[in-house]
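Chemist: Next come the chains, spelled out residue by residue.
2 protein chains.
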Amino acid sequence: MAKETIAGLAKRLGISKASVSYALNGQPGVSEVTRRRVLDLAEELDWYPSSSARALSRSRAGAVGMVLSADPLLIGTEPYYMGLLAGIESALAEGDMALMLRMVGKDPLQEHAIYERWSGERKVDGVLLFDHLHDDPRPALLERLGLPFVLHSAPESARPTSFSGTTTDHDSDSARIVDHLHATGHRSIAHVSGPHSFVHEEERIRGVRERADGYGMTVVQYEGSYALEAGHDAIALLLRAASAPPISAVVLGNDLMSMGALLALRELGLRCPEDVAIVSWDDSLHCQLASPSVTALSRNTVLQGRVAAELLLLLLDSGTLQTRSMPSSELVVRASTGG
Amino acid sequence: MAKETIAGLAKRLGISKASVSYALNGQPGVSEVTRRRVLDLAEELDWYPSSSARALSRSRAGAVGMVLSADPLLIGTEPYYMGLLAGIESALAEGDMALMLRMVGKDPLQEHAIYERWSGERKVDGVLLFDHLHDDPRPALLERLGLPFVLHSAPESARPTSFSGTTTDHDSDSARIVDHLHATGHRSIAHVSGPHSFVHEEERIRGVRERADGYGMTVVQYEGSYALEAGHDAIALLLRAASAPPISAVVLGNDLMSMGALLALRELGLRCPEDVAIVSWDDSLHCQLASPSVTALSRNTVLQGRVAAELLLLLLDSGTLQTRSMPSSELVVRASTGG
DNA sequence: CTGAAAGCGCTTACAG
DNA sequence: CTGAAAGCGCTTACAG
Chain H
3 MAKETIAGLA KRLGISKASV SYALNGQPGV SEVTRRRVLD LAEELDWYPS SSARALSRSR
63 AGAVGMVLSA DPLLIGTEPY YMGLLAGIES ALAEGDMALM LRMVGKDPLQ EHAIYERWSG
123 ERKVDGVLLF DHLHDDPRPA LLERLGLPFV LHSAPESARP TSFSGTTTDH DSDSARIVDH
183 LHATGHRSIA HVSGPHSFVH EEERIRGVRE RADGYGMTVV QYEGSYALEA GHDAIALLLR
243 AASAPPISAV VLGNDLMSMG ALLALRELGL RCPEDVAIVS WDDSLHCQLA SPSVTALSRN
303 TVLQGRVAAE LLLLLLDSGT LQTRSMPSSE LVVRASTGG
Chain A
3 MAKETIAGLA KRLGISKASV SYALNGQPGV SEVTRRRVLD LAEELDWYPS SSARALSRSR
63 AGAVGMVLSA DPLLIGTEPY YMGLLAGIES ALAEGDMALM LRMVGKDPLQ EHAIYERWSG
123 ERKVDGVLLF DHLHDDPRPA LLERLGLPFV LHSAPESARP TSFSGTTTDH DSDSARIVDH
183 LHATGHRSIA HVSGPHSFVH EEERIRGVRE RADGYGMTVV QYEGSYALEA GHDAIALLLR
243 AASAPPISAV VLGNDLMSMG ALLALRELGL RCPEDVAIVS WDDSLHCQLA SPSVTALSRN
303 TVLQGRVAAE LLLLLLDSGT LQTRSMPSSE LVVRASTGG
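For the record, the sequence lines run as chains H and A. When you line the first sequence up against the numbering used here, it's residues 3 to 341, in that order. When you line the second sequence up against the numbering used here, it's residues 3 to 341, in that order.
It should be emphasised that the hints constitute simulated quantities derived from the structure, not laboratory data. You may find that some hints are simply not true.
As the list claims (entries may be wrong) - Listed next, with one range per pair, are the computed distances between beta-carbon atoms:
1) Q324(H) to E34(A): 48 to 54 Å
2) E212(H) to E118(A): 54 to 60 Å
3) D319(H) to S61(A): 40 to 46 Å
4) L135(H) to S61(A): 53 to 59 Å
5) D181(H) to V222(A): 26 to 32 Å
As the list claims (entries may be wrong) - Listed below are several chain H residues computed to face chain A (Cβ distance under 8 Å; list not exhaustive):
6) S52
7) T79
8) P81
9) G85
10) A88
11) M102
12) R104
13) R124
14) M261
15) H288
16) L291
17) A292
Claimed, not checked - Here are the simulated BS3-like cross-link-like pairs (lysine-lysine), alpha carbons at most 30 Å apart as the crow flies:
18) K19(A) to K19(H)
19) K19(A) to K5(H)
20) K19(A) to K5(A)
Think of the CB as a built atom: it goes at the ideal place given N, C-alpha and C, for glycine as much as any other residue.
Could you put the whole structure together from the sequences, leaning on the hints where they help?
Modeler: As structure tokens, then:
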């Protein structure tokens, strides 16, 4: 069977290609009777319009792009990204948009090159941006390229002027964690964040410090890499440095570093939570399975992906810039803080 | 700046569109001088040919599709899929092919509908098939649709007659595991597999049984779902059933079930490995972090994805059907078997 | 409501 | 080696 085309359908039905197209796309310009006949025939023949022909004539790719730019090792072990992907995918599928996925290392130039290419080839209609960086060059680049985008976890201050984005209330997340530690008796804590180059880490750091200050708690900050080893090394360093009062709880920026912290405590012969309590800024199966299980901030990553994708669809369909705040996270209290 | 086109470049250079096209695509039909001028101008203008126009005139989408069809919860926690994706992506990027990703639940009809659509819209040039099922309807469907595909982990018996595929030597994997258990003194073991509907599970089951038989070992088989709870429940059930000699080691089909098994042992007050040893058929960070750490078969999932993608590219470029066997896995011995 | 025609931006025989 | 032209399969003003 030769591939059917719109011309073929038109001939079979004795009408013009235009009518078939109108019928297919729900456009006015055909009678209901004709429309039904077209739709029925398409269904009967299992026929779908060619995506590339459509893309060419509509000047719309029908796809959005996402670059996963992180240490491949991290991506593989971080459940965070899979959740994000699942959410994105579900929203895109509903909007009949395809997801174009690329994974590259931490090299920003590679990521930029992909955007240039996508824009030049008109391969995607828009882009999803995650992990907002301090002085992030990507928004300006995408604007120059004319590629619409949604910035996930944009700073609260970013009003929907030049781009769409989701915002996360890091202050509230920070407060949740610090409040819990204060309530369980901790007065001197450490905060092992992810890289300061991420905007969300800056905000978390400020949030934790301000909340702790409010309670008169001491907080030592340490910059980690999100890798398990970073959590391990941070603990070793922080607990070696004699501080008064001694650190009795450590907040770590993700689940991997929290696992590293647990390992380090074990090596040092320290008990958790009796000697040192642990809180993870990301929940995952690792936190649940660890012994002791780890108290963690549960952010709904699937929902986050979904909302970001929805904002992008909205932007592409109607040009509407919008900011949506993510629902606040929940602290799941487990054994690592005596839960 | 209006979008450049091939016609624009041709005009600027005072040559025909055809020449520009030939130059761009490395085709004969242009002098080296002209080719250079074209390439230089394209570079200077940051210009790339429109992917949809290309796709339409070449009748080639420039993308391959992959449907992740599994319990979303499983996908999120299984590092397996991320590794696969990373490998696939790296091979495709080198071949200048895009990856079209869809995630659906376990409903096979949904997956089939996606293939029909992709084929009808000519949205992808080929498809990557994972998790080969017993009586898998997908190969026949894809053949009917005219969509080339690669079957990952096809049975050894499948010669490259009708499709390309990778093969895994499950016998050797099984032997590796059983040998280790036998060497560490176990004579009565249980094997908690994944669903029997997967071809690879059938082969593992046979492999384990045959090898155990060779040693005169007893082996009880149990069908799990790959979910953590399945591993948990299996342990409870298997150890309750009094068998002689009592089961002293359990092999579980993936890392999640192995974690469940560990939890169940703890609940039952049994020590691992002293009372019951554990082996996981998939290695992951979970196996490393668990206490005790879990002996696991380390399959290189990144490589597996890469090879599958390479086979598909080969098939699409040259029509060559080929079978490639995956390198055999390595058993990483850890504390759960007394390592 | 319908049809003939141009256009989307490439590739590719076909003549020169 | 180069150019003019047809074709890929849709969509969309534009006339009727």
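Chemist: For the hint on S52(H), does the least C-beta distance to chain A fall short of 8 Å?
Modeler: Result: holds, 5 Å to nearest chain A Cβ.
Chemist: Restraint: T79(H) near chain A, CB-CB cut 8 Å. Satisfied or not?
Modeler: For T79(H), the interface hint holds, since the closest Cβ of chain A sits about 5 Å away, which is under 8 Å.
Chemist: Does the interface hint hold: is L291(H) within less than 8 Å of chain A, judged Cβ to Cβ?
Modeler: Where the cut-off is 8 Å and the nearest Cβ of chain A is about 5 Å from L291(H), the hint holds.
Chemist: Holds or violated: is there a CB of chain A closer than 8 Å to the CB of A292(H)?
Modeler: It holds, given that the least Cβ distance between A292(H) and chain A is near 7 Å, below 8 Å.
Chemist: How about H288(H): closest beta carbon in chain A under 8 Å, or not?
Modeler: holds (7 Å)
Chemist: Taking the closest Cβ pair, is M102(H) under 8 Å from chain A?
Modeler: Cβ of M102(H) sits 5 Å from chain A, so the hint holds.
Chemist: Hey, does the P81(H) contact hint survive, CB to chain A under 8 Å?
Modeler: holds (6 Å)
Chemist: Taking 48 to 54 Å as the hint, is the beta-carbon distance of Q324(H) and E34(A) inside that range?
Modeler: holds (52 Å)
Chemist: Between the alpha carbons of K19(A) and K5(A), is the straight-line distance 30 Å or under?
Modeler: holds (16 Å)
Chemist: That 40 to 46 Å hint for D319(H) and S61(A) (C-beta), does it hold up?
Modeler: This hint is violated: roughly 29 Å between Cβ atoms.
Chemist: Is 53 to 59 Å right for how far apart the beta carbons of L135(H) and S61(A) are?
Modeler: violated (41 Å)
Chemist: Is K19(A) close enough to K5(H), meaning Cα to Cα at most 30 Å?
Modeler: holds (29 Å)
The structure fails hints 3, 4, 5 (numbered hints given earlier, in ascending order).
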